[in-house]
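Colleague: Protein sequence lines, in the order shown, are assigned to chains A and B. Per the working numbering, residue 88 is the first one in the first sequence, and the count goes up by one each step. Per the working numbering, residue 752 is the first one in the second sequence, and the count goes up by one each step.
Hints may be right or wrong, so weigh each one.
In silico DMTMM-like cross-links for lysine to aspartate or glutamate, where the CA-CA straight-line distance does not exceed 20 Å [stated by the list, open to error]:
(1) B:Lys1080 / A:Glu197
(2) B:Lys1292 / B:Asp1211
(3) A:Lys209 / A:Glu197
(4) B:Lys991 / B:Glu970
(5) A:Lys108 / B:Asp1105
(6) A:Lys108 / B:Glu1110
(7) A:Lys108 / B:Asp1111
(8) A:Lys146 / B:Asp1105
(9) B:Lys1104 / A:Glu104
(10) B:Lys955 / B:Asp885
(11) A:Lys158 / A:Asp216
(12) B:Lys1113 / A:Asp112
(13) B:Lys991 / B:Glu1017
(14) B:Lys1104 / A:Asp216
(15) A:Lys111 / B:Asp1105
(16) A:Lys108 / B:Glu1108
(17) A:Lys111 / B:Glu1110
(18) B:Lys1104 / A:Glu197
In case anyone wonders, no lab produced these hints; they're calculated from the structure.
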Amino acid sequence: MDRFRVLVIDDEIDFVETMVKRLKDRGLEADGATSGPEGLDLLDNKDVDVVVLDVKMPKMSGIEVLREIKKKKPLTEVIMLTGHGSVEAGIQGLQLGAYNYVMKPVPFSELLTLIVQAYERKLIEQERDS
Amino acid sequence: MFHKHYETLRIKMIVMTLGFSLIPLLALGVTIYYQFNNTFQNKITESLRTLAQNRKSSIELFFDERISQLNTIAQTHSFERLKEESFLTKVFNVMQSRSKSFIDLGVIDSDGNHLAYVGPYSEKLKSVNYAHEDWFQAVQSTGVYVSDVFLGFRKVPHFIIAVTSVENNRVWILRATINSAIIDEIVSGAQIGKRGDAFIINRKNILQTTPRFAGNLLESPNSPDFSSSRGTTIELMSFKGEESLYGAIPISNPQWVLVIREDPQEEMALLSGAYYTEALILGFGVILVILGTVFTTRLMTRRLIEAQKDKAKSEDLMIQSSKMAALGKMAAGIAHEINNPLQIIGDQAGWMKDLLESEDIKKSENFEEFDQCINKIERQVNRSREITHRLLRFGRRMETTQEMVDINHLLAETITFLENEAHFRDIQIQTEYDELLPKVSTDPNQLQQVFLNIIDNAIDAVGQSGQLRIRTSTDLKDPKELVVQISDNGPGISKEALSKIFDPFFTTKRADEGTGLGLSISYGIVEKLGGHIEVESVEGKGTTFYVRIPNV
Chain A
88 MDRFRVLVID
98 DEIDFVETMV
108 KRLKDRGLEA
118 DGATSGPEGL
128 DLLDNKDVDV
138 VVLDVKMPKM
148 SGIEVLREIK
158 KKKPLTEVIM
168 LTGHGSVEAG
178 IQGLQLGAYN
188 YVMKPVPFSE
198 LLTLIVQAYE
208 RKLIEQERDS
Chain B
752 MFHKHYETLR
762 IKMIVMTLGF
772 SLIPLLALGV
782 TIYYQFNNTF
792 QNKITESLRT
802 LAQNRKSSIE
812 LFFDERISQL
822 NTIAQTHSFE
832 RLKEESFLTK
842 VFNVMQSRSK
852 SFIDLGVIDS
862 DGNHLAYVGP
872 YSEKLKSVNY
882 AHEDWFQAVQ
892 STGVYVSDVF
902 LGFRKVPHFI
912 IAVTSVENNR
922 VWILRATINS
932 AIIDEIVSGA
942 QIGKRGDAFI
952 INRKNILQTT
962 PRFAGNLLES
972 PNSPDFSSSR
982 GTTIELMSFK
992 GEESLYGAIP
1002 ISNPQWVLVI
1012 REDPQEEMAL
1022 LSGAYYTEAL
1032 ILGFGVILVI
1042 LGTVFTTRLM
1052 TRRLIEAQKD
1062 KAKSEDLMIQ
1072 SSKMAALGKM
1082 AAGIAHEINN
1092 PLQIIGDQAG
1102 WMKDLLESED
1112 IKKSENFEEF
1122 DQCINKIERQ
1132 VNRSREITHR
1142 LLRFGRRMET
1152 TQEMVDINHL
1162 LAETITFLEN
1172 EAHFRDIQIQ
1182 TEYDELLPKV
1192 STDPNQLQQV
1202 FLNIIDNAID
1212 AVGQSGQLRI
1222 RTSTDLKDPK
1232 ELVVQISDNG
1242 PGISKEALSK
1252 IFDPFFTTKR
1262 ADEGTGLGLS
1272 ISYGIVEKLG
1282 GHIEVESVEG
1292 KGTTFYVRIP
1302 NV
C-alpha cells in the first residue's frame, strides 16, 4: 500500500493520539489535531490525503471544518465521525462532499478499511482531474 | 373504587330522576283525586238539594191546593147553606171525587159547635164542641190551620185543615180531615237507593210520615234533630256511628221539616270506578317511570364508564408517548456521552494489541494473559457499542420511508429469520393470515423490526417446546386499522411487569440476554407509524401482543 497521509481531527486528545499511533503502526503517515483550526493549519502545511473528522467539536464544528477543507483542498477525502447520534449531520456531510460517515464507537479495522477506500477514491479523482 | 363511585352516581341519578318525575305525577294524581271527589260531592249535594226542594214544593203544593179548596168552598158558599148536612154532603162528594184524601168535612160556628159533619164518624163528632181545642184558637187567630199528623180514634194517620170565613161579622170554620198517606207517598219518592230514607218531622222532632229505616210514625226519628232548621241544610253527619248525608228543608205551612238521608257509600260507589281507573293509570305510570329511569340510568352509567375507560386509555397512551419522547432524548444523550469514552477504550485496547504483536513481548511469560485481557476488553466494548447504537436508534426516531406494504408477506419474511431458532427450541409457529388484508402505506423496515422484537421475545418467553400463533385481521370495530396478533403459550407476564413492559431498560431477561429496549423501541416505532401496541397476558397461560397499524 502507498504511504499516504491521514489527518485525525477530534477534540478527544486520547482518541487522536492512539489513532495516530495505530495508523503509523500500519505504515501510514498520520497527524492529529484536537480542534478544527489546528487541523486546518496542518492541512495548509502538509499534503493530506484523508481526513478523519469528528462532527461534534467545540469552537468549530466538524461541518464547518469540512466546508473549509473542501474549499482549500477539494480532492482531500473526509470521513465524518458522528458520535452525536444524528444521522442528519452525517448526511449533511455527504452532501458537502464527505466520502462517508461512521458512527462512534467504530472498530479500528472498520475505520482503517474506510480510510483506505477513501484514499483509493482520491487517487481515481486525481487521475480524472489530470 | 371505580365501580363504587359509579354505583353511587347511578343511585343518585335514579333518585333524582324518580324524584323529578314521580313527585309531579303523584301530585297530579292527588289533585285529580281531590278535584274529582269535590266535584262529585258537590254534585251529590246539589242533587240532594234539588230533590229536597222538589219534594218540598210538591208537599207545599198539596197543602196549598187543599187549603185553597177549602177556602174556595168557605168563601163561595154561605154559612147557612153549608151547615145544611145534605148540601155539605154534596160538596164533600164533589171534593172526594177529585181527591180521595179527604176523609170528612165539618162546619163549626164561632162558639166551637160542630154544626154539620160529613164523614165516617158522624155519631161521635156531630155534637162535639171544639171551643177549648188548641187548633180552634189557632185557626181563629190565623185564618188557616194545618194540624200535625195524629191517629185519633180512626187509627189512620191523618191531619186536619181548618179555614175561617166571615159572614155578617160572624166567624165560622170549615174543617176537613185529610188522610196523610198522600204525603207519605210524596216523601217516599225521595227514598233513594237501597239505604236512602226520607221523612217529615214536626217542630217537636216527631215523625209525621213513616220512614223506611228511621223509626215509627209519631215517634222521634233515629236521626239528628232537624226540627229547628230554618233554611235548607245539606250536611254529612254522623248518627249513632253511622255517617250519612242529610238534607233538611223546612216546609212553610204546616211548620214541618222534610229530611232526606242518603248513604254516601252508595252514592260514592259510582265514583270508586273512576278512582280505580285513576289508580291503575297512576300505578302503571309509576312503574313505567321507574323502569325507564333504571334502564336509562344504567345505560348512561355504562356509557360514562366506557368513556372514562377510553379517556384513561388515551391518557395512558399519551403519557407513554411523552415518556418515550423524553426517554428517547435522554437515551441519545447518554449514548453519545458514552460513545466517546468507549471509542477511546476500544482504541487503547487495540493499540495494546498492536504492541503485543511486536516480537519482544510475544516472548513474555504473560503474553497469553495480556492477549486474553485485551480481547475481553474489545469484546465488551463491542457489546457496549451495540447497546449505545440501539439506544441511539431508539432516541433518534429516524425518518420513515413510506411504501405500500403487504403485512402478511412482511410477517412471513420476518418469521423466516426466526424459524431456525424456533425449530431448534421445538416451538411451532402457526400463522393465520387474512387473505383479504389490504396493503397499507407504512415503513416496512421499521415494522419488520417491531415484528422481529415481539416474535423474538415470544420465543424467549416460551423457552422450550411451545406454540406461537400469528394472526392478521382487519379490526371489525374499526376498519381503519389492521391488527397483527402475536400470541404465545409462555408463562405470561405479571400485572406489575405488564405496566412497565414498554418502558426502556425494563427487562426480565438476564443482563447479557437483553437490554430492555426492544419493546420500547417497537412501541416508539408503531406510535410513529400512527398505530399502537397493546398487550394482554394471563399468568400461566400466555401473552398476546396486538399491533394495530392504520389502514391507509
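Colleague: Does each hint fit the structure? Answer for all of them.
Modeller: Comparing the hints with the structure gives:
1. B:Lys1080 / A:Glu197: Given that 20 Å is the threshold and the Cα spacing comes to 28 Å, the pair is violated.
2. B:Lys1292 / B:Asp1211: Judged against 20 Å, a Cα distance of about 15 Å means the pair holds.
3. A:Lys209 / A:Glu197: This hinted pair holds, its Cα atoms lying about 18 Å apart.
4. B:Lys991 / B:Glu970: holds (17 Å)
5. A:Lys108 / B:Asp1105: It holds: about 10 Å lies between the C-alpha atoms, which stays within 20 Å.
6. A:Lys108 / B:Glu1110: Holds, at roughly 18 Å.
7. A:Lys108 / B:Asp1111: holds (18 Å)
8. A:Lys146 / B:Asp1105: violated (33 Å)
9. B:Lys1104 / A:Glu104: Answer holds: Lys1104 (chain B) to Glu104 (chain A) is near 16 Å, not above 20 Å.
10. B:Lys955 / B:Asp885: holds (16 Å)
11. A:Lys158 / A:Asp216: Holds, because 16 Å separates the two Cα atoms, which is no more than 20 Å.
12. B:Lys1113 / A:Asp112: holds (17 Å)
13. B:Lys991 / B:Glu1017: holds (18 Å)
14. B:Lys1104 / A:Asp216: violated (40 Å)
15. A:Lys111 / B:Asp1105: holds (11 Å)
16. A:Lys108 / B:Glu1108: Distance of about 14 Å is within 20 Å: holds.
17. A:Lys111 / B:Glu1110: With a Cα-Cα distance of about 18 Å, the restraint between Lys111 (chain A) and Glu1110 (chain B) holds, given a limit of 20 Å.
18. B:Lys1104 / A:Glu197: holds (16 Å)
Checked against the numbered hints given earlier, this structure breaks hints 1, 8, 14; the rest are met.
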